[in-house]
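Since each chain sits alone in its own frame, please combine them into the complex, following the hints.
Here is how the chains run, residue by residue.
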Amino acid sequence: MSKITVFTAKGIHTMEPTLPHANAVAVRDGIILEVGTLETLRPWLDSAPYEIDNQFADKYILPGFIDPHLHPFIGAILLPTTFITAFEWNLPQGRVAPTRGCDAYLHRLSQVVDQDSGDKPVFVTWGYHPIWHGTVTRQDLNDISLTRPIVVWHRSFHEVILNDAAIDALAIDRDVMARHPQIDAATGRFFEMGAMVALEALKPILFAPDWFGQGLQQLHQIVHQGGHTTVADMAWGMFDYEMEWSVTQNSFATEQPPYRMMVVPRGLPDVELSGSAQDAFDRVHALTDRGNDHMFLNKRVKFFADGAFFSQLMQMGAPGYIDGHHGEWMTAPEQLRDIMRPYWMAGYGIHVHCTGDLGLDLVLDILAQLQDEKPRFDHRFTVEHFGVATSEQVRRLAALGGIVSANVYYLHELGEAYWQHSIGHERAAHMGRLGTLKRYNVPFALHSDFTMAPAQPLRSAWVAVNRVGESGGVLGPNERISVDDALRAITIDAAYVLGQEDHIGTIRAGKRADFTVLDQDPLAVDPMHLKDIGVHATVFGGVAHLVTD
Amino acid sequence: MGTALIPCILVSGYLGAGKTTLINQFLSAPDGLRAVVLVNDFGKVNIDAHLIDNKSENTIELSNGCACCSIGDSLLAAAQQAASRIPRPAVIIVEASGVARPDRMATLLLGASGVAPAQIVTVVDMSQARAALENKYISELFSHQITVAQCLAPNRMCPDNAQVLKRLSAPDGITPPHVTGLGQVVQGAVLPQTTARRSQSATPLVQMQSDLDSAQFVRKLVSVPDGADIEQVHDWLANMPQHIHRAKGFAQLSDQHGRMALYTLSKSRNVVRVQPSTANIPKDVVGQVVVIAPRAAPGAQLCDWDVSFGGDGG
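If you're matching them up, the sequences are chains S and W in order. The first sequence begins at -17 in our numbering and counts up by one. The second sequence begins at 388 in our numbering and counts up by one.
Source of the hints: derived by calculation from the structure; they are not laboratory data. We put the beta carbon where it would ideally sit given N, CA and C, even for glycine. Some clues are possibly wrong.
[To be verified] Label-pair distances were calculated between CB atoms; the ranges are: (1) S:ASP271 x W:ASN441: 29 to 37 Å; (2) W:ASN522 x S:ASP101: 50 to 58 Å; (3) W:PHE696 x S:GLN260: 54 to 62 Å; (4) W:LEU608 x S:LYS281: 40 to 48 Å; (5) W:VAL432 x S:ASP125: 50 to 58 Å; (6) S:ASP222 x W:THR408: 24 to 32 Å; (7) W:MET647 x S:GLU355: 57 to 65 Å; (8) W:ASN522 x S:PHE189: 37 to 45 Å; (9) S:ASP125 x W:ASN441: 21 to 29 Å; (10) W:ASP435 x S:GLY116: 53 to 61 Å.
Here chain W stands alone, though its shape is the one from the complex (with noise of 0.2 Å):
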């Protein structure tokens, strides 16, 4: 097939989080990408009129070289359709629902052609994020949103940030890195393929996550080959240095009976798990692992980080 995969960013959040504006922005400054933008509703996009070239139905056409499309009744469809325009864009950009859980929508996309797994920008409302973790009906879907994004584009942020982010971050305290703008997010998804093109088992989406450490954290990403054995894993997990805050991912593991399956790897306030998952995953993510440490941990230069999986078997 040869051409590289488009690369996709989903850009989701709550009713109200600010995902047409961040949107907005990137279309009238794209940075010179062309970028096609997959929306639910044309009547939210606000694009200044002289930047607008041709204006049909289900497509703007600007005359940055963006377009604009309305996903209509199928997003499988309109990603479709996006991939194969003639010239092929840079970069499509799909506006999620704001009751989607951009997890599965991320899924579903794995279904277009010739596009990327698409990484997902949760875009949150600060002033409204306390009062969404306390409503019974959107608390879990408000935090799922936040959990499953490779980065996160908070906005109008509130006197009590440091007490709400602390809320909307995993037990362990980790939140996704942040953002403040889609152009880094697209640029951050768009260079490693233009310029190192890096090949097919590159991972764009646990990639995402190193090219934009946050301050606190640094991540990395190690591989764990198919069939690497269960026991050996686990000592792994177990073994790595102290200052190894968490340790994430997928991995096609054999046990004692050389039987392969997936499991899910973690281990967090050193407690190890290798347990059997029936989770899906996409296949370009299994047998990858992140490991995160804070970046300050005292001994814990980043270039001594030597946390890889001894592939000779030892």
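Chain S with its partners taken away, still in its complex shape (with noise of 0.2 Å):
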């Protein structure tokens, strides 16, 4: 057995409601023995050598953070493209801070394009949007390098620019770009269909071993910085099992980044459903037989039901959006039924990405008929993103017995955006209820789904508290949590929706020594303020790990 390590601090908050507050916590062999002062703790000091460490005397301890539902393999392709965006991001080379305007955003693109190493075949850089940065065309870009091959990746990701010299570099056939409705030749715009042609010809460069490799060391490192020890891959096997499984096992092998990752297959392994929807659940069954320390499995699946939140393909109903467009499905509804029900008659915990009102109903409607041919208690049904609801809606999930991860991000970043141009003031100022949840006491948990929302747990926790939109006013005050309720949605209630609240979420004698250590106390600080507390480090199994800027 080893020493036994007793942490103190300003202060703890454990998220245990019977002890909430603390101020020194003893650990041993990644377990915490205790928490409570140096008094309560002196039988098992008594018992065996110990080492007291103060060196996070002056700050404050919270379980480590969770983030139940990030997609790894997008956040690798990304983050080694050069982030210019118009809302602030933190990354392992610094923070990123906003860039507004067209001029500044030209002036910004041509500084990184001069600083870059050039050791990638292109420049990749991402974040523009024509809200902020205006109209970027491929004669601006031909005005930065005519040789050096550049492409600018908007926020969405459905739309890129490319400079001349990527649109050679790429091999993109002009012929194509000429007339390709959604391509604009002479501003060198691909948008939407014609964005695919493009990325199809990027992709051999963002797969590519050492770009990808690179991606997930930064990956590490910005699930080191938010905070978190755990999190989920909410969709294992998007592009590939096997190889996804393989590549970061080894990145894990290799970097030994200090937190796991809970490892939840992608239920539908086709396009659709061709052969009985045994085959496919025995198919996905096989494949969870493995895992490690680092990478674990715990009988959970993802489906996907309606269509991405950010690019209004949620499915929408009555009275639908302003302009008319329909929403789409990402599983056609009786096949999204029929799959999930073998895994529900095993007795999996079943998660279904929902962005929509309808998709809402058609999920619900689902998970009322498994409940009849199948009755489960403590199922954790977990509706993922939770876009737009109804409150009869969250009465009946409620009822069900269901719960939420939410993407509550959504509202600061899309929810005026959306007002304006997607589906009118009422839904979007509604969007992400977590008031309402609480109110129906539906536990909640909040994600990021990194890359759609930066990977920090307290400014998902921030926007929840404070529902302020890209202008600062508030959407949906009634709506608003409690700092408490928003912490405990990246701490225990994320815990509860992974089904891992046994061993993770709060600090208490038997769980995981898992901590989080941040520079000020969540409870205290002007609640506009919590996305500014720094994360000092994080403490994963016993083991300190300092965040270094």
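Here it is, written out as structure tokens:
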């Protein structure tokens, strides 16, 4: 048995209502022995060798943060790009300050292209958005460089702008550019389906081992900097089950990052269900017999109902979208039910990507039918994202025993835009309605769906507590939640969503010694400053890992 | 570039509509045409063993010159590969997934080099149509797949066909023309290019429809040149002969200040609309208006159906 370590702090918020506050916690072999004060811990310290670690004496300790839904592979593709964004991001290379205005954007782009080492075949920047950065054209990019291929990748992922050097480097067919309705050859703008032409050509670069390996390394740093000690890959097999497993496992083995990853497989292994659901289930289930300390599975599975929230493809019930367009199904409604059934029968925890209120209707109908066929208690059926919902749906979800993992960051970045351009004020202001969940006692977690939102739990908590839109106005004040509830949603309730509440999520005897160490007390600061609290360090399995900028 | 684009046919339809059956039927009798078929799932493709020359992980080569390839994770890459096969395919046939919006897929396919704009054939299981139309989750998608199709391949006819078809049709009672097999569509798509060597500005998307006029309606394609005056176009639509049932299309028009923009033109039940459009329209369809009249309209002989837009400015 190893020595006991006692971490002291200015304050420890255990997130355990029975003993919410403490100032010392004793750990050994990665497990919490006891939380309390140096006095209450005394019997442990009298029984074995120990050391008192005071390095966090002026800090605040919380349970290690948990992001129950992100996508390491998408992160690994995006992170090696150069971020120029209208909103603040924290990256391993440092804080990315907001850049707004067309001139500022082009100036910044020109700067970073100059500074770039040129070790990649093309220069890719991500985060451009015309609302903030105006119209940027092929000519503007040619003015920055005629020789260095430059790819400007839109914040939404659905658009790119290329200079001529990039068009040539990616060998894009100029005939296709000339006749494609979603490519503007003159301005070098490739959007929606047209963007796929450029992205397809970029794929070999983005998926090359050096790009990708670097991306995973940066992902580890981001996860650490956000204060996480556990995350979930909420769609293992999005590209390829075995490839993703081996690449990620290798990266964990060599980098030894201070966090663990729950792996939740995609439950429908094909584009659509062509054979029997039982057969599809058997194939996925057979993959789950693996895992180690870093990457583990836990009889949970992921499905997709309706389209992406950032793309306005969520399925909306009446009165729909202002412009009359319709959302999409990612899985055919009856197939969604059919493919869920064998997992439900086998006792799996089911997670469903669900963004619009019509999507939620479908998911609730399916859950009701599954409950009819085989009633289950404590099944943790989880609505993932929870973009737009009605209060009646929340009440029904509560009755069926469902829970929620929400991307509340949507509200901050999209709330005002969707008010003006998509679904109007009432529904836009109520997206991510956590207050309603609270009123109906539906447990909920917050997630980033990184890279859809920054992987910073305190930033998500800040949105949940304050509900401020991009310009600073409050959207849906009655849906705000307390700081305590928001902190629960990134610790114990996130653990609950993942079925890991016995091991992580609070600080109490017997749980993993996973902590997040903060510079300030989140329960004491002005809630508007929650997002600005510095993450000083994490403790993972009893070992401290400082966050260095 | 010289070489003509390879015709492309997108087979759409909701789950279980019979897309694979239609494709299987075509593959076993392709009428001498070297087709490449892109499918989501090999498992469902049911080809007689004696027709199979060679089978690999992603491709089945048939002795009749056709090939069947798996779409894998990128339709665009699969289409690109199909187009660059040697020998060059006469036609590319793509099977859409059951929940796909075929118009979006067709737009995606425009990104493949050397491939002509896809013509959409939607397969409809008539015995399921009524239920689909009453299902709150799929009725919109189901109707959408039909309204964006250039032709329909209905199957499993049922007693209330007529009623169902009525509900499937646009508000003005027009359904796309019907086919019973892919062969008809493929011939329609391939022939104009190989025999007539039509210019690049030919419009397969719309041409398709006039090649396959339905029993009840006749369609004509009318050009509206870029920069036509918006008022004149409006008057032209308003003053069409009485029997013209409907007109619809897109054109680049100039307003009274001489500003050019894309407009949607339509006439239905004598209501004329000329509205700015932000839709993503394939460029070769811009400047084309489809005009539809009932075949049996009194006094409307096909030949004296003159609805051309006055190109001389009159």
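Status of the hints after comparison with the structure:
1. Between ASP271 of chain S and ASN441 of chain W, the C-beta spacing of about 35 Å keeps the proposed range 29 to 37 Å intact.
2. At about 54 Å, the beta-carbon gap between ASN522 of chain W and ASP101 of chain S stays in the expected band of 50 to 58 Å.
3. At about 60 Å, the CB distance of PHE696 of chain W to GLN260 of chain S agrees with the hint of 54 to 62 Å.
4. A beta carbon spacing of about 59 Å between LEU608 of chain W and LYS281 of chain S contradicts the range 40 to 48 Å that was offered as a hint.
5. For VAL432 of chain W paired with ASP125 of chain S, a C-beta distance near 51 Å keeps the hint of 50 to 58 Å intact.
6. Checking the proposed 24 to 32 Å range against ASP222 of chain S and THR408 of chain W shows it holds: the Cβ atoms sit about 30 Å from each other.
7. Checked against the hint of 57 to 65 Å, the C-beta distance between MET647 of chain W and GLU355 of chain S comes to roughly 60 Å, which is consistent with it.
8. One distance hint, 37 to 45 Å for the beta-carbon pair ASN522 of chain W and PHE189 of chain S, holds here, with the actual separation near 39 Å.
9. ASP125 of chain S and ASN441 of chain W have their C-beta atoms about 52 Å apart, which leaves the hinted 21 to 29 Å range violated.
10. A C-beta distance of roughly 60 Å is found between ASP435 of chain W and GLY116 of chain S, which places it inside the suggested range of 53 to 61 Å.
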